[in-house]
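> In order, the protein sequences belong to chains A and B.
Here this note's numbering is used: the first residue of the first sequence is 2, the next is one more, and so on.
Here this note's numbering is used: the first residue of the second sequence is 2, the next is one more, and so on.
Calculated from the structure, these hints are not laboratory results.
Predicted model, so just to flag it, every value in this text is computed and none were measured.
Don't take every hint at face value.
If several chains are the same, the list does not tell them apart, and a pair holds so long as it fits within one copy or across any two.
[To be verified] As a list, the in silico DSBU-like pairs of lysine-lysine whose alpha-carbon atoms are at most 30 angstroms apart: (1) Lys316 - Lys647; (2) Lys627 - Lys524; (3) Lys647 - Lys22; (4) Lys251 - Lys157; (5) Lys30 - Lys82; (6) Lys382 - Lys30; (7) Lys573 - Lys627; (8) Lys409 - Lys20; (9) Lys64 - Lys316; (10) Lys316 - Lys86; (11) Lys246 - Lys573; (12) Lys30 - Lys64; (13) Lys53 - Lys82; (14) Lys192 - Lys30; (15) Lys86 - Lys53; (16) Lys203 - Lys606; (17) Lys524 - Lys650; (18) Lys627 - Lys316; (19) Lys30 - Lys650; (20) Lys382 - Lys627.
Residue strings, one per chain:
There are 2 protein chains.
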Amino acid sequence: MQPKEVIFVDYSLLWLDWKPKRALPAYTKRIAGMPATRQGKAAQRELMAGLKAMGAETMLCGKVADGPSIKLTESLGSGEKITLKRSGDGMELIGSGIALLYGVFHLLRHLALGEDYPEWDSSPAYAIRMLDHWDNADGSIERGYSGRSFFFRDGKPFFSERTRDYVRLLASCGLNACCINNVNVHANALKLLTGSYQRELKRIAVCLGEYGVSLWLSVSFSSPIELGGLETADPLDPRVRQWWKDTCGKLFASIPNLAGFLVKADSEGRPGPHSYGRTQAEGANMLAEAVSPFGGKILWRCFVYNCTQDWRDTKTDRASAQCDHFAPLDGQFRGNVYLQIKNGPVDFQIREPVSPLLGHLEHTASMVEFQIAQEYTGQQKHVCYLLPMFREVLDFHMEHKPEHDTVKENISAVCAVSNTGDDYNWTGHDLAAANLFGFGLLAWDPSADPEEIAREWSILTFGDDPVVTRTVTDILMNSRRVYEKYTVPLGIGWMCVPGNHYGPSPDGYEYDRWGTYHRATHKEIGVERGPDGTGYTEQYSPRLAAMYASAENCPEELLLFFHRLPYDYRMKDGRTLLQRIYDDHFEGYEEAQAMSDAWNELRDKLDPEVYARVQDRFREQLRCAKEWRDVINTWLYRLSLIPDEKGRKIYM
Amino acid sequence: MQPKEVIFVDYSLLWLDWKPKRALPAYTKRIAGMPATRQGKAAQRELMAGLKAMGAETMLCGKVADGPSIKLTESLGSGEKITLKRSGDGMELIGSGIALLYGVFHLLRHLALGEDYPEWDSSPAYAIRMLDHWDNADGSIERGYSGRSFFFRDGKPFFSERTRDYVRLLASCGLNACCINNVNVHANALKLLTGSYQRELKRIAVCLGEYGVSLWLSVSFSSPIELGGLETADPLDPRVRQWWKDTCGKLFASIPNLAGFLVKADSEGRPGPHSYGRTQAEGANMLAEAVSPFGGKILWRCFVYNCTQDWRDTKTDRASAQCDHFAPLDGQFRGNVYLQIKNGPVDFQIREPVSPLLGHLEHTASMVEFQIAQEYTGQQKHVCYLLPMFREVLDFHMEHKPEHDTVKENISAVCAVSNTGDDYNWTGHDLAAANLFGFGLLAWDPSADPEEIAREWSILTFGDDPVVTRTVTDILMNSRRVYEKYTVPLGIGWMCVPGNHYGPSPDGYEYDRWGTYHRATHKEIGVERGPDGTGYTEQYSPRLAAMYASAENCPEELLLFFHRLPYDYRMKDGRTLLQRIYDDHFEGYEEAQAMSDAWNELRDKLDPEVYARVQDRFREQLRCAKEWRDVINTWLYRLSLIPDEKGRKIYM
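So that you can see chain A by itself, here it is in the shape it has in the complex (with noise of 0.2 angstroms):
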């Protein structure tokens, strides 16, 4: 028998790993143009070196070809938009040196995918498309599922072969912006602003540039104290606010391609203006005009609420918090401040609604935060492609006005929380670097199509075996509905083990400080957010915020988000709340199942590496897929003592 030919992946390269391809349009024999920017030289390089890995014999032709040929034709002072057009039987990329490489790697990606003229006229739809890395100065990273941090080492900033081959990731996707340390800023990490690793950051600085990429910095409200020696971070005290400019400006002199700063202030134990008797807004702005003078922006973070909160207190709702501190402040902050804003109210859990706040800011810009790092969404063990969540915020429609008040309208940039580390395979498991993909996609042009997303991926990571294409395509989009299905019902949130945030708890909140309850007893669950309970809802403009209020009307999966429902309650489909939540746990861990039985058909096609990569964190997955089976519906079965309609096995 003839062994199999197998396409080998090298994960180090993630979807930059090009594969050789029989066909190639002729146009790819030769490059032509001379970008003069660093950014457009990078273009060129990057263009060589991709028809090269994918077979092509190109040739560099200076300024005009002599037949069918790539033209990079660089153009100054036109932004990020970028142009493909065909040009008789070539190719001609026009745009600034930045817009060249994207361009380029949308043309290498499109040749990959096997198409000859990929016309395209683009800009990206927010200037600012960012990954936030929650790396500690240590080398730990909160909340990451890959391993350490590339971006720091032994309490400083670390610069390495991988810083590069991260940034030529992002900017491949079409990522602009990163910020490289937590926004929880502690131990060395706050001496990034007073210049202590000066070199180290202007290294790292250096190289994000050449792609595009702006360097970002987490800053701590308290700076002021902690390395300034004064008593006081108060905004309106005029030491704090000179502190603040004289150390953006040796800050700013000293690190090229500075863009900013990200702020996480009031918020779980941080600083922030709050200690002072100052306004969010008011904190915000004396920063603001601290980076004012040398072009920086403040990402502001709205996630400010009471995680102190006694249990037994039902009037505090902690959904309602950023609306409560931020809506009223609108038209208060600087031009030069984004409200950075997660896109549900609580905290990334697998189902929420769009937080209410991204309908209320008509004068201040502002931002919405997404998390790819998995963190309430399998950690990386678990496959769960998150595009169509995130498609589905930024579609959605607030109707404050009838028209041009979707989320994708409201907002002027997109960021979301990295789910990279040094791992080899950089995103823990192999599937959920279509998340890091996807994102910058999406990013881009957020009515981009997560399936047709996800289909370029599996090509450009796995070739374009077409079986191989539609298991991988079909996985990644069956599974967020899956784990959201074997895991929390109904948009209810937590239920998570505390601390860890992985496997199953469902009381494991239930008595602590963080505002994350279910009250459920044996007869309902869930806490009611209409205007009989917390009153929740009303953030939302009327018809939404009615709809939600109805248990008859609000979308079932976030049926438990909004309402306290009877276990009998009645589902559209004639099923009780309880039996579908049964149904649901019963399914969701067969379709895992389904899941990993589809990717075990794929053994003979995929590199046996990957192959068994995945098929490890199958097994994990369904491992804790079972406990969430399980813990849930015997959990409900104890509250409720109903059995499953079905007679299948619920434990005691």
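With chain A fixed as given, assemble chain B onto it according to the hints.
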């Protein structure tokens, strides 16, 4: 107004802070006798120093005194037996050096208590009266609530003045053995065996020896692999046996006063003979043979159970494990092996039945293991005087034989996990020192009265104000029952936060691997351990088995340890089970409040620092007691939806 006269307490001396006495018998002016041994000299020194601290003007008079005296008559070869008898107008102490030391402390204590001629003729009930330290080489203490280790620092054994202070405390209450390192032997602690820290260990050993306290070490069963470079630790392998013999030869030669090893094998991930298909007896005997030439002993822990149980498995009962593993091996252990058995079948809960294994060893030496480190009993933030519990255990009649079958008669030794650390006051909570003192007195004489011990400890510590003595004694005597009332109901155990074991989490261990489940539904709670359940009750003698197996006859405080019962089960007094639990929790909190109030009444009678420290602890106890009360009540109310009959506040 006159300032109140307050007795200052040097808590760094605990009960050895002898207070000035107005009247002392005339014989305290002279000490006669010339002890020759190191321990005898220590006795003389302690006597001199103690009398001086009490205000006596004492002289050393050589062999014979001219006038009433305390005569120290050293008799070699009489072991620990001590006689104090009146001799004319003086007292004579007769015994070996160490016995004289015990006698001196007895005399000093009773003089401090106001007794003029405290005659005593006594031998300790057990030859080994031991404290086990769970101190790690890095200086941390597993389940330590009083600061860091004073035996280890920076990965090495550590000698300081505190070593001497500590051994004085031990000897003063009759303790004579001390295992200085954690039964979970990790990192540098492994190397204690092979002489790396010989100098440091020897220094500690010599210091302990002067006060008659033998040194013990916890060792890892797989040391031949970890230290010896062998690929096995199979106890029947000749190389393994030889390695242990060689290692012990060197170790015992270099460390005077080393008495033997404590071993946690095949327990919670620790290595042991089961890994090699050998029995616990084969493992223990191999070590016993190795230490035998040096008069050494092996203390072999019986804490062997399946700690990776599937919660779905309702057949396995962790409570049965110790008897299952060890009862069949009775008679197979060498004479210098002691089986170390926790007082209950599970793990130091506030209420457990007595371990049935304590009735099954006719031909094997055994020792009971208590825990004065308050792991599950309030972590030295809550006052919880444990002596009444220890007396219950020691007095418990196993009833396999009509007579002489109480625990205290069945065991040959006794130990407790120590509650000490490098905190100034030794035990974190000032009142927790009563457990250290009391354990020593009870280990000497298991029929000592816990209330009398509490009274003595109070007077020795705080002076003899009768109001203080009454209040402190009452607080101590009530404390265990109060703690039990507001925490875990009726012997069911656990319900604490996993990992740290502090504070309530009713479902915390429910879906975990530790074999500790309540399996509560909205109708019933508990695990049935009678013959129709797991059969655990059958490990007791017939009358006890029948008593425990019947819900009506089972002691009510253990009802939910032994039985699965509906919430409306009727208790003997007519209340429902649920109402009893509600009542206990409301009352428990109120009683904790009353204890705190009683302490507050002592404000003007106590050293202000001691008063404030204990008041701080009561504040935390009340905070936590309220949390326990409300979480347990709410959790049961949510499950049952049965309201409190008395209409007290149960939160939703």
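> Hint by hint, say whether it matches the structure.
Structure-based check of each hint:
{"no.": "1", "hint": "Lys316 - Lys647", "verdict": "between (39 angstroms within a copy, 26 angstroms between copies)"}
{"no.": "2", "hint": "Lys627 - Lys524", "verdict": "both (25 angstroms within a copy, 26 angstroms between copies)"}
{"no.": "3", "hint": "Lys647 - Lys22", "verdict": "neither (52 angstroms within a copy, 80 angstroms between copies)"}
{"no.": "4", "hint": "Lys251 - Lys157", "verdict": "within (19 angstroms within a copy, 47 angstroms between copies)"}
{"no.": "5", "hint": "Lys30 - Lys82", "verdict": "within (26 angstroms within a copy, 102 angstroms between copies)"}
{"no.": "6", "hint": "Lys382 - Lys30", "verdict": "neither (42 angstroms within a copy, 78 angstroms between copies)"}
{"no.": "7", "hint": "Lys573 - Lys627", "verdict": "within (27 angstroms within a copy, 43 angstroms between copies)"}
{"no.": "8", "hint": "Lys409 - Lys20", "verdict": "neither (34 angstroms within a copy, 78 angstroms between copies)"}
{"no.": "9", "hint": "Lys64 - Lys316", "verdict": "neither (70 angstroms within a copy, 81 angstroms between copies)"}
{"no.": "10", "hint": "Lys316 - Lys86", "verdict": "neither (59 angstroms within a copy, 72 angstroms between copies)"}
{"no.": "11", "hint": "Lys246 - Lys573", "verdict": "neither (59 angstroms within a copy, 75 angstroms between copies)"}
{"no.": "12", "hint": "Lys30 - Lys64", "verdict": "within (15 angstroms within a copy, 113 angstroms between copies)"}
{"no.": "13", "hint": "Lys53 - Lys82", "verdict": "within (26 angstroms within a copy, 93 angstroms between copies)"}
{"no.": "14", "hint": "Lys192 - Lys30", "verdict": "neither (50 angstroms within a copy, 68 angstroms between copies)"}
{"no.": "15", "hint": "Lys86 - Lys53", "verdict": "within (22 angstroms within a copy, 103 angstroms between copies)"}
{"no.": "16", "hint": "Lys203 - Lys606", "verdict": "neither (44 angstroms within a copy, 66 angstroms between copies)"}
{"no.": "17", "hint": "Lys524 - Lys650", "verdict": "both (22 angstroms within a copy, 20 angstroms between copies)"}
{"no.": "18", "hint": "Lys627 - Lys316", "verdict": "between (35 angstroms within a copy, 20 angstroms between copies)"}
{"no.": "19", "hint": "Lys30 - Lys650", "verdict": "neither (63 angstroms within a copy, 82 angstroms between copies)"}
{"no.": "20", "hint": "Lys382 - Lys627", "verdict": "within (14 angstroms within a copy, 39 angstroms between copies)"}
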